[in-house]
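Going down the list, the protein sequences come from chains A and B.
Using the working numbering, you'd call the opening residue of the first sequence number 1 and step up by one each time.
Using the working numbering, you'd call the opening residue of the second sequence number 1 and step up by one each time.
Nothing false has been slipped in among the hints.
Distance condition first, Cα-Cα at most 25 angstroms in a straight line; then the derived DSS-like pairs of lysine-lysine:
| hint | chain 1 | residue 1 | chain 2 | residue 2 |
| --- | --- | --- | --- | --- |
| 1 | B | 8 | B | 72 |
| 2 | B | 28 | B | 8 |
| 3 | A | 441 | B | 72 |
| 4 | B | 92 | A | 441 |
| 5 | B | 28 | B | 108 |
| 6 | B | 92 | B | 108 |
Quick list of simulated restraints, FRET-style, between CB atoms:
| hint | chain 1 | residue 1 | chain 2 | residue 2 | range |
| --- | --- | --- | --- | --- | --- |
| 7 | A | 366 | B | 101 | 35 to 41 angstroms |
| 8 | A | 454 | B | 68 | 32 to 38 angstroms |
| 9 | A | 292 | B | 111 | 51 to 57 angstroms |
Note that these hints are calculated values from the structure, not bench results.
Yeah, the Cβ is synthetic: ideal placement off N, Cα and C, and Gly gets one too.
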Amino acid sequence: MDASRDTGTESHRGGSPYTRSLSKTITKPLQHVALGYGLSLLLMAAAFGLSQAFLHFHLPLPFTSFALCAIAIAFWYAGIRPGIFAAVLAAVLRFFFFEPGLPVISRLIYGLVFAIFAVLMIEATRAKNELEVRVAERTAALNEANQNLRHEIEERKRAEENLRRSETYLREAQGLSHIGSWAFNATGPVYWSEENFRIWGFDPQQGLPRRETILERIHPEDRDNVVMNVRNAVRDGKDASAEFRIVLPNGEVRYIHGVIHPTLNANGELDEVVGTQIDVTERKRAEQEHERLRQLESDLARVERITTMGELTASLAHELNQPIAAAAVDASTCITWLTRERPDVEEATQAATRIVSAATRAAEIISRVRSMFTKGTTEWSLLDVNEVVREIVRLLQSELMRHSISVQMTLGEDLPNIMGDRVQIQQVLMNLIVNSIEAMKELNGRRELAIRSQRGDRQDILVSVSDTGPGLRQGADRIFDAFFTTKPHGTGMGLRISHSIVESHGGRLWAANNSPQGAVFHLSLPAAVDTAL
Amino acid sequence: MAVQGEAKVVTIVDDDELMRNALMGLLKAAGLPAMVFASAEEFLNSGLQHQTSCLIADIRMPGMSGLELQAKLNADHCSIPTIFITAHGCTKTRMEALRAGAVEFLTKPFDNAVLLQHVRAAMEA
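Start from the sequences and build out the full structure, keeping to the hints where you can.
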């Protein structure tokens, strides 16, 4: 009894560290073997102590129950071997402390009870261990799944970010290039890009525009055509494109180039139609402007031609007037000699001879004009540049005189011929000389036109036309451009036409300033091969 | 150019050879002594201005024009009765010439008799 009382107090004293270690084991499974055995020992000591306490207070003997609990706990938390140790310990404790007077058979039965309980607990512990392993496995699997999921979320986020960026780029690109995109199906529009809204002047806040609203915005003249185009494309399942105008509520007209692409499902039925719409208004305007300029250019070229003709006609009239006037005087003189009291046939003959030369001169002028205006395509022939220069100077003589311009011609001797179109070369020289006249006619001071021709270094003929005008003050490199002019009434076409004529002859035309003053135009034309050799 | 001692010569200044010769022939037929120059400068350089009693000049010529020649002669205090002949009967030029003291301003082609009448009138003046 004393001993059992002692163990009872011992058991009480040891109660508090036990509960502490138990609370620990719940959070952390026992790792160390010694701890396991220690726990078993403690548990059994507790069972023993409690039993002693029960004995002391004359309660029914509960050691077996406590021992079984202790064994169970030892198995559960400490493992199989400490559990078996606890079972053996329980048997020994019972044998020595409780009912030592029991017969052998009873003791064996008690031993058997502990043994069976131990075997059951072994199984239970094994199952528990297996479960733990499985739980660990499952946890690992779950962790992995979790990891994967987190990864996937990140991936998704990244993809979303990329998508958003890509969408931004697309939006920017559409805005920059004025290309809108849209899609529609049998029920109506299903998608409109931001730029498409802008092009059509619809408010994206108000959602997709209805089919009727869209059609209303198309220019009435183009509407039927657009509808028909779309209908045909949908019916045939083929891509289609069309150019049309839209009219915005403020009356602004925009030009749209639309392309649509119908997509069909497996049954060949219309799934959706996707399309782009390009705002080509600016391009269209530029085209119209370009066309207008081209028209203007051709008009100007015609005006230029007519002007040149006019100048030429005035010049010719004057030139023809000279021999006619001279002939009239001579004819009158001739009559005077013949109608005298004593006719002077010799003097009359001289006068008549002068009439003949005047008439011949007039005829020459006429034939020159005829050769100059002979219609037809360009006629290439061997030309003597000097002859052409002389012809033109003669033709413009009166014009030069009218402006008191003296002409100095220094024409090289024995120059090779060139191959070219006489009329065109004449036109070039005329343009250059008329330019010089224009440059000098307002001038106070020396008005001198100098024309030189000489053999060039590269099997070519060089002709220069220089004046004493103000020279090329600005834009010397632009003077051959169309519409470039410094003259108040100039069209700016003369030099350009000249330039292209010279180029078509394989030659060059350039300008420079003359010293001490004025401008000089240089013309280089290749010598004809057969005469150059 | 041989000229009689007394200044009774008609001077022709025209750059056109045909017209020069025609006028020469005309004056010869009319029995008037004449000399010809192809340009105003040539005439001024000849020093024969003072022997000229009548000047027939073209308006438009390379270098000095007929009007400029007239102005130059006026400036040199050597005014000569001048008959201008020109292809262009522009009123402005005509008025300018007459104001500067021209006797007549004829447009080509002109009547020989009219020209001679003016020449004779000028020489007798």
